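Produce the entire structure from the sequences given, and follow the hints as far as they go.
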Amino acid sequence: MSPRNTKVKKAASISDVARESGVSIFTVSAVINNKAHVGNARRQRVEEAIRKLNYRPNLIARSLIKQKTQTIGMIVTDIANPFFPMVVRGAEDAAQRLGYNLLLCNSDDTVEREEKELELLLSKRVDGILLTKASGDLSPSLRQMIREVKVPFVLVMRTCPELTKDAVISDDYKGAYEAVRHLARSGRRRIGLISGPMKVSNAKERWRGFRDALEAENLAYDPELVVEGDYRIESGFRAGHAMLSYRPDGIYVANHLMTIGLLKAAEEMGLQCPEDFGLVSFDDYPWLGVFRPRLTTVELPKHQLGSEAAELLIRRIEGDKSAPVLRKLQPELRIRESCGFGLFVTGEQRQIRVPSVGSGIKGDSVD
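Per this note's numbering, the sequence shown runs over residues 1 to 367.
Take these hints with a grain of salt, some might be off.
Here are the in silico distance ranges between beta carbons for each label pair [unchecked claim]:
1) Glu162 x Lys328: 13 to 23 Å
2) Gln144 x Tyr246: 41 to 51 Å
3) Gln144 x Asn40: 44 to 54 Å
4) Leu103 x Tyr246: 42 to 52 Å
5) Asn218 x Lys264: 24 to 34 Å
6) Ala242 x Thr110: 22 to 32 Å
7) Ser322 x Asp108: 47 to 57 Å
8) Ala11 x Ala41: 18 to 28 Å
Honestly, the hints are just simulated from the structure, not real lab data.
All of these numbers come straight from a predicted model, not from anything done at the bench.
For each residue, glycine too, the CB sits at the ideal point set by N, CA and C.
Rendered as C-alpha cells:
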C-alpha cells in the first residue's frame, strides 16, 4: 500500500464523545471539568465513551477558554546547588497534586538572566511564578510588565517586598543564632562567619543571628573573622584562606557549598577540624555521613519550603485575596562532631550546657 493511500485515524473529538454517550457537548465538558451537577448515570456513560474512544481533551483550547494554562513557573538561582533539587521536588509534588504542571528555570543568581527567564515564563502564559530572587533589583520595564500581566508571585527562601509580600522562607536568623551559640557552648571564643552575599535577605538574617549570638554569649565581634561569600564553593575557599590566617577557633558557614571550600582551604593550610577550629554549616544532606569529622549542621526543611510555596501560589491563582503571607519554617540544629565539644568542655559542664533534643535541636551524637 502506498503512503498516499494510508489512512490516519482521526483523534476523537468532544462531539464524538457526546454522540457515543448520547448526551450534549455541554454535559461532556461538565464531566471532563468535574462539575458536580451531572448525574451518576450520565457521568458513567460519558466516562465509558471517553475510554472507548481514547479521547484526550485539547489542553491548548481549554487554556484559551479558561484563560489559564494550569502551569506555574519556578526560577531558582542554580539547580546544581544541592539545596534546590528537593525544594523543586516539593513544589512539583504540590503542583501536580493540585492539577498544575511546573516549568523550571535557572537565574545563575544574576539579575540579567533572571529577567530573561521571567520574560520567558510570562510569554509562556504561566498562571503564577515561584521565585528565589537573585541579588539585585528588577528593571523598571520588567516591573511594569509584571504589573500589567497581573501574574501572582510567591518568593522562596529570599524576600523582596518591592515584588511581592508573599514568601515562604526558613527562619535563617534562628538557625544562625543556634549555630553560633552551640559553637560558644563548645568552648569556642573567637568565632568567625563566612556569610552569603549581603544584598540577599537570607544572608542578612544569618549575619544578624551570628551577631546576636555573639552578644548573648559575651563574645567579641571581630571584623577580620567575617568574610562575605556568594554561596559557591570557590568563595568559601577564598574566604577560608582569608579567615584562617587569623586563627579563629570556631567558624559558622552560611551554606554547605562554601563549607566544602573552607575545608579545602584548611587542608591546604595544614589545619584540622575540630582540633584547630570548630565548625557549623547551614543545611544537611544524607551524604554528610562520609565527612570526617561528621558535620554539625542547621537543617532546612527543603521539601516543605517548595510544597508550601506552591500551595500558596496556587491559592492566589485561584482567587485567594487574603492578606499577604510571610511564612517562616523552622530549622533544626543537628549536633555531630565538628565542633569538638569534648576538647574544651568538661563532663560536668557538658551535662549542664548541651542543648537537649527538641525545640529544633537534634543530637545524632554529642560533639
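Outcome of the hint check:
A hinted range of 13 to 23 Å for the beta carbons of Glu162 and Lys328 is consistent with their spacing of about 20 Å. Distance hint for Gln144 and Tyr246: a CB-CB separation of about 48 Å, consistent with the stated range 41 to 51 Å. Distance hint check for Gln144 and Asn40: the Cβ-Cβ separation is about 50 Å, which falls inside the suggested range of 44 to 54 Å. Hint check: Leu103 to Tyr246, Cβ distance near 46 Å, so the stated range 42 to 52 Å holds.
Between Asn218 and Lys264 the beta carbon distance is about 33 Å. The supplied range of 24 to 34 Å therefore holds. As the Cβ distance of Ala242 to Thr110 is approximately 24 Å, the hint placing it in 22 to 32 Å holds. For Ser322 paired with Asp108, a C-beta distance near 34 Å fails the hint of 47 to 57 Å. Checking the proposed 18 to 28 Å range against Ala11 and Ala41 shows it holds: the Cβ atoms sit about 27 Å from each other.
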